[in-house]
Every structure is written in C-alpha cells, then in structure tokens.
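Colleague: If you want the building blocks of each chain, they are given just below.
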Amino acid sequence: MRFNLGFFLREAAKNMRLNALMSVTAVTTTAVCVLVLGVGLLVSAHVEGILRGVGKDVAITAFFPEDVTREQIDQDRRQVEGYPEVEEVVFVSEAEALNRVKDMLSEQPEVMEGLDPDIMQASMEIRLADPEASDAVAERLRAEGFSEENLNYPQQTISQLNQVTGYVIWALRAATVLFLVASVLLISNAIRISIFARRKEIEVMKLVGASDGFVRTPFVLEGLAQGLIGATIAALVVVWGNAIFVEWASSALPFVPVSSSAVNTLLVLLVLIAVGVLIGIVGSFVSVRRFLRV
Amino acid sequence: MINFNNVTKVYGKDSVALDHVDLGIDPGEFVFLVGASGSGKSTMVRLILKELEPSAGSITVNGVRLSGIPRRSVPRHRRSIGCVFQDFKLLPNKTAAENVAYAMEVTGQKRRAIRVKVPQILDLVGLGEQAEKYPDQLSGGEQQRVSIARAFVGQPPILIADEPTGNLDPDTSVGIMQLLHRINRIGTTVLVATHDREMVDVMRKRVVALEDGRVVRDMVKGGYANEV
Numbered sequence: 323m324r325f326n327l328g329f330f331l332r333e334a335a336k337n338m339r340l341n342a343l344m345s346v347t348a349v350t351t352t353a354v355c356v357l358v359l360g361v362g363l364l365v366s367a368h369v370e371g372i373l374r375g376v377g378k379d380v381a382i383t384a385f386f387p388e389d390v391t392r393e394q395i396d397q398d399r400r401q402v403e404g405y406p407e408v409e410e411v412v413f414v415s416e417a418e419a420l421n422r423v424k425d426m427l428s429e430q431p432e433v434m435e436g437l438d439p440d441i442m443q444a445s446m447e448i449r450l451a452d453p454e455a456s457d458a459v460a461e462r463l464r465a466e467g468f469s470e471e472n473l474n475y476p477q478q479t480i481s482q483l484n485q486v487t488g489y490v491i492w493a494l495r496a497a498t499v500l501f502l503v504a505s506v507l508l509i510s511n512a513i514r515i516s517i518f519a520r521r522k523e524i525e526v527m528k529l530v531g532a533s534d535g536f537v538r539t540p541f542v543l544e545g546l547a548q549g550l551i552g553a554t555i556a557a558l559v560v561v562w563g564n565a566i567f568v569e570w571a572s573s574a575l576p577f578v579p580v581s582s583s584a585v586n587t588l589l590v591l592l593v594l595i596a597v598g599v600l601i602g603i604v605g606s607f608v609s610v611r612r613f614l615r616v
Numbered sequence: 018m019i020n021f022n023n024v025t026k027v028y029g030k031d032s033v034a035l036d037h038v039d040l041g042i043d044p045g046e047f048v049f050l051v052g053a054s055g056s057g058k059s060t061m062v063r064l065i066l067k068e069l070e071p072s073a074g075s076i077t078v079n080g081v082r083l084s085g086i087p088r089r090s091v092p093r094h095r096r097s098i099g100c101v102f103q104d105f106k107l108l109p110n111k112t113a114a115e116n117v118a119y120a121m122e123v124t125g126q127k128r129r130a131i132r133v134k135v136p137q138i139l140d141l142v143g144l145g146e147q148a149e150k151y152p153d154q155l156s157g158g159e160q161q162r163v164s165i166a167r168a169f170v171g172q173p174p175i176l177i178a179d180e181p182t183g184n185l186d187p188d189t190s191v192g193i194m195q196l197l198h199r200i201n202r203i204g205t206t207v208l209v210a211t212h213d214r215e216m217v218d219v220m221r222k223r224v225v226a227l228e229d230g231r232v233v234r235d236m237v238k239g240g241y242a243n244e245v
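Note that the protein sequences, when read in sequence, are chains A and B. The working numbering puts the first residue of the first sequence at 323, with every later residue one more than the last. The working numbering puts the first residue of the second sequence at 18, with every later residue one more than the last.
If you are wondering where the hints come from, they were derived from the structure by calculation, not from laboratory data. Watch out, some of these pointers could steer you wrong.
Among the chain A residues that face chain B by a calculated CB cut under 8 Å, a handful are [stated by the list, open to error]:
1. Asn326
2. Phe329
3. Leu340
4. Phe518
5. Ala519
6. Glu523
7. Val526
8. Leu529
9. Val530
10. Ala532
11. Ser583
Calculated cross-link-like contacts (lysine-lysine; reagent style BS3-like; alpha-carbon spacing at most 25 Å) [to be verified]:
12. A:Lys522 with B:Lys30
13. B:Lys127 with A:Lys336
14. B:Lys150 with B:Lys127
Backbone N, C-alpha and C fix where the C-beta goes; we use that ideal spot for every residue, glycine too.
Assemble the whole structure, with the sequences as input and the hints as a guide.
Modeller: As structure tokens, then:
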C-alpha cells in the first residue's frame, strides 16, 4: 500500500484542530518539561564554564628579588617553562606591574602620580596545565632559590575548588537526568489521555480494515507536531533567557567569569528541539499501541 | 463463501457461545441469522471478522482459512468484508462523505477515485443531499445508511450486518432492509444477524436459527418462528 503523506498530514491537522484543548495541553506540557531541561543544561554549562574560568586563573606568581639581573630572569624563565606541569609563563616587568596598578586605580589617577616603577617587583606568572600540580611546582621554585614570601600560590583554594567542582557538576547532571525522566513520563501520560478519549475512533478504524500503521500514523504525526511546537517555544525561551543572563552577569557580577562561550547556543537549541520531538513521537507511538488491539 | 466447520467457541472456562456449528453460505446468498440475545449470533460475526479465534473447528471465508491469516494481514481480510453494526460505528469527527471516504483511504485508493466514488455511493443509499453533515446531525436511519455506504464502497464480496435495525423504528428498518436486498442483488453475499421478527418474515430469505450456540433450524425461505 502506498504511503499517503498528504492524507496523513490532513488527518493529523484536523485532529489537532478538533481536539484543540488536548493539543494545547500536550504542547504546554512539552514546553514546560523542555524548559526545565533547558534551564538545567544551561545552569550546568555555566557552572562548568565558571569553574573552568576560575581554574584557568590558578597560577603561581614568583617575584624576583630587587637585585636580580636580566640574565638571571631569562634563565629562570626558560627553566620554569621546561617544567612538564607548566602551561605558560608570562614575565611581568616592573613597568608593567605599575601599569596594571594604574589601570586598577584609573578612577583616581592622582594617587599614582610621580610613582617610580622601582617600587614594584618584577615577577613571572606561571599558568599551570594541571591545577593540582601547584604544590610540586612551588617546591621546585623554592629549590631554585625563590624564598617563600616571593611565591604566591593559592594551593589550598585549588584543592577545595576541585572537590566542590566535582560534586556540583555531578549533582547537576543527576538533576538533568531526573528532569528528563519526569518529562518523558508527564508527556506520554498527556498523550495517553488524549488518545484514550479517542479509543472508540481507533476501534472503528480497525473494524473498517485500517492497518495498525494506518491508524497510528496521524497520531504519531500529531505527537511530532506537538513536540516540535512545544520544544521550539521552550528552546527559544531558554536561549533568549541565556543571552539576557550572560549580559546581566557581565555587568552585575564582573568578578564571576560568566561567558557566552560557555553555552553553545545552536547546540542547545537543536538538542532541546530534538528531545521534544522524540518525546512526542515515542509517546504517541507507545500510547496508540495499547488501543490497537481490536 | 463462508463456511463454519464444526466450530466451537468457549469464553473463559465453561461459557459456551457456539457448540459444534456447521454452516455453509454460498456466494450471492442472502442469509438471516436469528436467535435470542446470547444465542451466539454476534460471536459468529466476530469470528468471521477474525476479532475472535474459535476454540475448536475451522472457518473459511472467501476460500481462505482464517486460522492461516497472520495478524498483520487481518486488515486486508477485513476489507473483503463490509460491516454494518447496530450502533453504526461512524467516526464522529468526519462528515458522512468523509466516513465513506475513510474506508477507501484505508485501502490506499487515489483521491480522484475517492472523489468520484463517494458521491455515487451516497446517492445509491439515498443520502446525496446529506454528504456534508456530521453523524450527530443525521437521524438513526440516515446514519445506518452512511454505515452501509461505507461497508459497500469497496465493493466487498461479503457484507455482514449485526442487528442493523436494532436501533431503528420499523418504517426506517424497511428502508435499510431494502437497501441490503439491493446490494445482495448486485451479487454480494449478505449475512444479517437480527432478532427483528417482522423483517425476517417479510423478506422470505434463508433463515438460520441459533439457540444456545447450536444451529436449530436452517430453512431456504423461512420465517423467524418455527412454523412454515
């Protein structure tokens, strides 16, 4: 038998129009569930992004003594760059250090007037590939002759941070999975109710000689359309909300590294819509099957 | 056309609906299946449609043994049997014309063919004017005509009616019976399960009487009751 797509689409559209209230229910349920799921995805993406940002800032600053020579600095720097745990070494001269302070105090330039770069200490900022390695690197630096007060490394903060990060991310993922399960149950229930209201129709269709697939197809298309509409609405709200949040955070929370790059907008959009459509299709497919046994 | 060969149907453990029934219906026959409620009429109809499976014995419809039809081929089997029910079983969300058209869409027929055929068949059952009305805008008799049109639109070799006049007044019933008779004259085998005594007596067709799941009488030009 040929597949009459036009007929199935007309049937699905008509069913949705006639059962408008049920359709609205299914669309709303899908939208709410996808919205919750989307917010979960966003929160975990941003938390991961923030933690990654904070982790990136973890660095050891080693100050050079006042009387250090140019050659000494270059030698130390090359040596530290050779450590396997080290990602990058940035040399900050006295002049640069002064400039940084000036930038920070740019609102009161008079404070800095007449200050000589000599009062600052030259340093190198050592970024670590692995935050856990800060202890080992500091140890080596001490062996190189850097005194404890000339080293600045937030070792304790780092280890605590890593532990918390692990818990938070794990908890967020678990919550996302729970929401997903809950939304599948909620939506297939909504679809089942709407199909239950039409079980007589299904029975008649079967008695007239309609095959299971013939009866099912309009319902599945209906579920697909409802999932698509609901998920699209929710996904757009999620993406829009994300944009607003990122903008707000960058002005209201300048010290928290919230970045728009933490969330791949297009991917989130596609994933959320795909989840909604899938739930719609699977939900209606499974729900109709129960009423096809005539 | 329809053959019951020593068929027994038992519901549950010991509720016997049909008890060793033998019945043969030839192509083009018009047969009344009569009997009180619970005598097994509906069970026979449902067995023919393969809604139920017999507990014992075999049934052949249109030359095909029903026990040999796999589940996925049941829809095709049902399309070879037009079916009319006491409660019409029309789709409430579809107009008269759409209800008839659905039976054709089920078989995958072209839209053009459907557009030509549906008005013809509605004219045939005398509902040309009511094509765009929904079932709840039609009288019982009109709904039953739609249901007959739907059963007949695919020109099945067999038409089965289960209490087609059960919900209708006598005058309307005469019209329905005449319609079934016309369909039979075109060559369709018609089986009518009924306990509409008057109708059976007037039509003078073959009458098969069931009682407690057994065939107690089979007369070529019979009446409802025992005499004649």
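Colleague: Among all the numbered hints in the text so far, which are the ones the structure does not match?
Modeller: 4, 5, 11 and 12
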